[in-house]
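Based on these hints, arrange chains H, S, X and G with the ligands on the given structure of chain P.
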Amino acid sequence: MHLTRGARLALRLATGLGLTVLYLPLLVVLVNSVNASRSFAWPPTGFTLHWWAVAWQQPGLRAALWTSVRAGLGATAVALLLGSMAAFAATRYRFFGRQTVSFLLILPIALPGIVTGIALNAAFRTVLTPLGIGFGLSTVIIGHATFCIVVVFNNVSARLRRLPASGEEASADLGAHTFQTFWHVTLPAVRGALLAGALLAFALSFDEIVVTTFTAGPGTQTLPLWIFDNLARPNQGPVVNVVASALIVLAALPVYLAHRMSAPAGGTG
Amino acid sequence: MTGDSTGDGTGDSAPAAVALRAVTKVFGTARAVDGVDLDIRAGEFFSMLGPSGSGKTTLLRLIAGFDQPSAGRVLLGGRDVTRLAPFDRQVNTVFQDYALFPHLTVRRNIEYGLRVRRVPRPERAARVAEALDTVRLADLADRRPAELSGGQRQRVAVARALVNRPPVLLLDEPLGALDLTLRLAMQLELRRIQRTSGITFVLVTHDQDEALTMSDRIAVLNAGRIEQVGGPAEVYEHPATPFVAGFVGTANLLRGEQAAHVFGAPGSWAVRPERIRLLRPDEASGPQELRATGRIADVVYAGPHSRFAVDLDTGGRLVALRQNLDDTGPAHPVGSSVTLAWRRDHSIALRD
Amino acid sequence: MTGDSTGDGTGDSAPAAVALRAVTKVFGTARAVDGVDLDIRAGEFFSMLGPSGSGKTTLLRLIAGFDQPSAGRVLLGGRDVTRLAPFDRQVNTVFQDYALFPHLTVRRNIEYGLRVRRVPRPERAARVAEALDTVRLADLADRRPAELSGGQRQRVAVARALVNRPPVLLLDEPLGALDLTLRLAMQLELRRIQRTSGITFVLVTHDQDEALTMSDRIAVLNAGRIEQVGGPAEVYEHPATPFVAGFVGTANLLRGEQAAHVFGAPGSWAVRPERIRLLRPDEASGPQELRATGRIADVVYAGPHSRFAVDLDTGGRLVALRQNLDDTGPAHPVGSSVTLAWRRDHSIALRD
Amino acid sequence: ADGGTAAAGASPPPVPTQRSLGPNEGSVNIVAWAGYVEYGQDSRSVDWVTPFTRQTGCKVNVKVAGTSDEMVALMKTGQYDTVSASGDATLRLIAGGDVAPVNTDLVPNYAAVYPSLKLQPWNSVHGVPYGIPHGRGANLLMYNEAKVSPAPTSWGAVFDPHTPYAGHLTAYDNPIYLADAALYLMKTQPSSGIRDPYALTPAQLAQAVALLKGQKKNLSSYWSDYTKAQSSFDSGDYWLGTTWEVIQQAVAADGKVRTAAVLPAEGATGWSDTWMVAAHAQHPDCAYAWLNYIVSPTVNAQVAEYFGEAPANSHACSAIKDNPDFCAQYHATDESWWQNVHYWNTPTKQCLDGSGRDDCTDYAQWVSAWNGIKS
Amino acid sequence: MPSPVRRLAGALHRRPGLRLTALLGAPLAWLTVAYLGSLAVLLLSAFWTTDEFTSSVEHVWNTDNFTRVATDPLYRTVALRTFGIAVGVTAVDAVLAVPMALYLARIARPGSRRLLLVAVTTPLWAGYLVKAYAWWVMLSHGGVLDWLGGTPGFGVPAVVITLAYLWLPYMVLPLHAALSHLPDSYLDAAADLGARPWTALRTVVLPLVTPALLAGSVLTFSLSLGDYLTVQIVGGTTQMIGNVIADNVTLDLPLAAAVSCVPALIVVGYLLAVRRTGALESL
Ligand SMILES: Nc1ncnc2c1ncn2[C@@H]1O[C@H](COP(=O)(O)OP(=O)(O)OP(=O)(O)O)[C@@H](O)[C@H]1O
Ligand SMILES: Nc1ncnc2c1ncn2[C@@H]1O[C@H](COP(=O)(O)OP(=O)(O)OP(=O)(O)O)[C@@H](O)[C@H]1O
Ligand SMILES: NCCCCNCCCN
Ligand SMILES: [Mg+2]
Ligand SMILES: [Mg+2]
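Chains as they are written, first to last, in the working numbering: chain P, 1 to 269; chain H, 1 to 352; chain S, 1 to 352; chain X, 1 to 375; chain G, 1 to 283.
Any given hint might turn out to be false.
[To be verified] Here chain P is said to cover these stretches of chain H; the calculated rule only asks that three of the stretch's residues, wherever they fall, bring their Cβ under 8 Å from a Cβ of chain P:
hint: 1; region: 83-89
hint: 2; region: 98-105
[As the list claims (entries may be wrong)] One-sided excerpt, in silico: chain H residues whose CB lies under 8 Å from chain P:
hint: 3; residue: A64
hint: 4; residue: F95
hint: 5; residue: Y112
hint: 6; residue: N164
Derived by calculation from the structure, the hints in this document are not laboratory data.
Please read all numbers here as calculations on a predicted model, not as lab measurements.
Beta carbons: idealized from backbone N, C-alpha and C, even for Gly.
This is chain P alone, in the form it adopts within the complex:
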């Protein structure tokens, strides 16, 4: 891009400012996680690692984390399967109502979480409860998967659209049947997109609180629900900050790896 020196500088400043704004609250969270005071009030009163130690020892926290991971993995798995199937159909076939499919896929993430949540809740109660199936982890997974499908769909179909069909045709031409072609040619080509989609889907599920509230069963507490509860509990605020700080630090690595892997060979500059 041909920019004047001033324009370049302005953009750099804007980006720096944007990133500062993105990280300032996170810094506050981090500082509060080592803040001797129990409340979040500013400025901090002293330094302590006490809350990190406390967090480390909380079985409820660990259980919630594990529940969230299971819910995230379940929702991601469903989203990967359904999202990529829909992506293949939408990019490799022309059919009546193709537009409607992408519209339908996007609806669950675009409609307010509370609408999705109470709709699922009402439906589960009408349909599942009479069958003797209660709310639990599986209902959470169903709820999350519903709005995660679209992110896999979008990632995979963007990749497929840019992927020339000639690769798959070459494979068929060389004698590979449909399933061999998928395994040997298509899958390697969309692996990065699947990964990126999976990561985003997992992140969405991992952070979802509203839909979870309305779909979780009695014994099912995900991390956001735990956070929600604990923000309202005595003395737990700092521990919540510890959890958030740890998540930020832990998340940077997989996010970075995913970005590396999802950049196609000779990717765009």
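Relative to the frame of chain P, chains H, S, X and G with the ligands by itself:
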């Protein structure tokens, strides 16, 4: 792979390597291919030549099985394959963009067809090594496509198809992306490989030079139909239609009045630029020759030859080509008068 | 726009339309352009010819200002513009992929340069109409680029640049994507536009034919350096280096022993195929001619001419070209003996 | 407390009372306020669920609810066996047939519960107990001693439209807060005719609404979770407003600002939570086991100290471990102090003031009114 | 003899309709049964009524809830306020994201580009509630902002700031993708024709990335429209439509369902409006 051996014979009685019967392909409302009948003989180097959008790629895709004809049948070695998937057909394709698998090395690319057809490992290795030799890429076997030049990629694409020993090899403008020097070298290479392997080659190109120099026979396509099929000299010297005359070489087309003046009869007439002699002022034309006078409108030096555009006194323009054999010939500066002559039997009468 | 009027004169005393002074461009460790000095005269049709990767595009981008040279200076009409941004330079570019703005109609695309430079609306409309006429696209003014054919897009790209009346127009392989018939037509069109507008054209191409037929002068590039600059005949008839001989036309290069046998002196020698006569068995060579005997290895019919590859008895291979003026000449079947002859002064001694 | 007659809303649907206990079912699903059902999730030392499970073999699944409305909704799902309902939920649960009367004979620890908490309007109907009292607290007036002077003695401090503390007031974010306004009106404007803050005619409700609408513009924000309230006092956003004792204790412990919590002259609203059993409990025996366990002296003491409220079991004070002054601080045994506390109750059409009238506004109307104030 | 899998593949090849059905069947079934079905159940329940006291749903068919939503000014005020907040959040995010995405995609060097992209996405993992509370800490009197110069306090501006913060990455990501796929030659061409940076941005770059901008706005707009937790945390006494729904869910589900139709209709209308631009494909 089934062991059928048709397509290896070259006799006329053997079934055609590829036969198209009344093949039509419609996209939406557009007829990309329109009632094509064609027999491609086993072992020949066959080209399909035509302008952009004339349906060349579509025809190739119908033969390979990537698309299904809207009507008509496709036969390979006498067997009707119209409804077969590409992976069940005995043809291989070299794609215009090569379509190499970016995540596989050269060796694994070439091996691909054998692997998916479960050819045993030792045989696989031997055939891949042979194919690598044929295209002279043994040194680069462990590179990825991204690390190769255009010409090298093209050769990998050829080897990847050839290693399967298909009776028929389809090539969709395989040389389009290469620069001239490389293109000429690859033309020689492909011709050599075709001769030594005996495989039927079906080449799609819009480059008339390429088609003329490489092919045993050429089909000229226009708007989804075949205008003419024949050997290079036949197509070039005796174009059946004005379209063929114009598309394969410079047509020098005169019609109606203008044609009557020069050729002695109305209708559409053509004469190839290289057939026309520029006479020296004192020079007489031969007894078998037609002649026409005019004025030089443009002279273009093109290295091996020069082109002279001549505005005829009786109307119309003819281009004459003169090999730069010698630079002592008479100069024909722009604006000077000139007399053109060509053998009567080099006049081409065209049906419209 | 500043009213400077340099670049309009054609006299040698006027400053060069484009001047490069010791221009070098380094990417990482690769020298894409390596110490280039060049003067392009106002009003001329100048071509840069070279193989892929020789630095043609890089050179063009340095002139347009998309990249900054690592060393050296760029002058336009005598003014040093090395540090100026593209939007402050008096040149316009026709891009290889045309780079038409997909969201704007043909008319709005062409109007773009005038609009961003705040040319008043009535003048804008007039100039756009004129440009549309020049490229014969008035009918399609309200289409979007996606609705145009390749040739039409190319013309929009030319019009979009021309409408700004730049002193210098840069064209990066503008015809690469077109098929032959269309390419020839567009060559004529570009030449016509250049002549009538008087704008300096700088054309990048890797097609020697295009360079030879269109240009007033040609620079042959190799590996980031200019190997030779000259008129088409000069470059073709008197290549300065083996590279130029080989890249511009078929070289017919002989070296060392083999050259000594044929040309009478060692070194690198070349002779153009069209200079070589195939003698009839009874025919004598002229007094000024060199001769060589050999055996026909290959005959390729190419329409306007045929190519004969001859393996010399003293080693090496020469290709002779014969215009298909007449089909009564002697046949030279593959394997037959033949004598070649060419004027002594058509032998080209090359410095290595 | 207002010990008015046990006037429930519409007569509750007939739900059978459990007669005897069978073998424990192995698990129990509980809806509770945060801090009521601790299994060591925060700290291993705060755990009364594990001993319960060890003693009874009942595994505990707890669902923490943030509001009374949520508790009601959760109980309606039929998935839960017992709930720690506050007074603004109990009558709704009873009237909805969602909970069953409690057979107190099956809860031996019921005997030691303070009599003043038994058979109250919010936990019984026509003398039939629907639950076991858990503990109690008052909604006091808290203020920042550095910012607010003189020290307030009346709720007028938060209802004065021209308060010098505008922008730094806070109030509890719930429809039941209307009762705080009603209580103030009851004490300061006898002409309003209010006899019980939970029994308001439409006109009286409108008066309370007007008072709160005037208050809204002076608020910093409403508070609903007490960590946020605590931090807001700490940060200086809040100077003055309704609070729970536990919040004030936490702010005091932090030491950042000096605050005090007082019971104003008008008295205060308060709560006395009740453990109730679902009408169609899938694990009724474990539920009863839980009821008995949670009000046992030691566990009741543990919960009360952890949450910061006065225990319900009269023997609990002697089981308090950490803070010898605890029961005094929370007025656990000071019945006269509680005389001025009006425990949360669920407004119904049948006026709860014992007048026998039925022109009172019910809880749904309070919700509408509250939404109107907040929108 | 070809393997059964190969024969199956061949058979499928001859039946493109069947292939399409196999691919599309499961996702469509999921979305229609699990999702549209649920929405239908919800919509249906809006026609029921509740016992006002016990909150028990009574299956008596009526349209009172819709009448109430349409006529009660309470809902109109809150809906308009919510709509305004969502528009504001989207505008703030667009203004912030364009320069950031531009810098990331077109100016930063490839090495730092990847890191910057990670830097933009990582905050998504910090947890929605935690970040909202962090803003609450920063916005409070005596908080970081106060300390740095001034805080708007709690209220609508705070809600807009916090939501814009929460959804900013969702706007940057599609914009970045679109900008990095923008061919260099368009920018070269604009400069070549005399367009200065700002002009090129306005006349070429922005029109070409509009679908991505709209895609980002779909998320920022609709996530803001439905939010009710952030406003509880930093909204002071402000209420949004999500709060009205959330408050009613447990009390009067049929009414909540009827109120839900308001944001749902707005979102559906918005999606339909931007669909033609290809925005839904750029998400
Ligand atoms: N998938 C398709 N959908 C719609 N139209 C198509 C499709 N493929 C080809 N066509 C149309 O069919 C006609 C023939 O196209 P085809 O690609 O076969 O031409 P071609 O001779 O290979 O041209 P080129 O030299 O440009 O490759 C064209 O008009 C083209 O637009
Ligand atoms: N942006 C770049 N970064 C790194 N190397 C580059 C860049 N641009 C060009 N090069 C290298 O510089 C050399 C010259 O490239 P250039 O594009 O100028 O060649 P060209 O003559 O235009 O070739 P072609 O005919 O293929 O277009 C090549 O080796 C190329 O790889
Ligand atoms: N509440 C956390 C926000 C994360 C985005 N969730 C989108 C789901 C909308 N149905
Ligand atoms: Mg084609
Ligand atoms: Mg180039």
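Checklist line | Hint check, failures only | finding: Every hint satisfied by this model.
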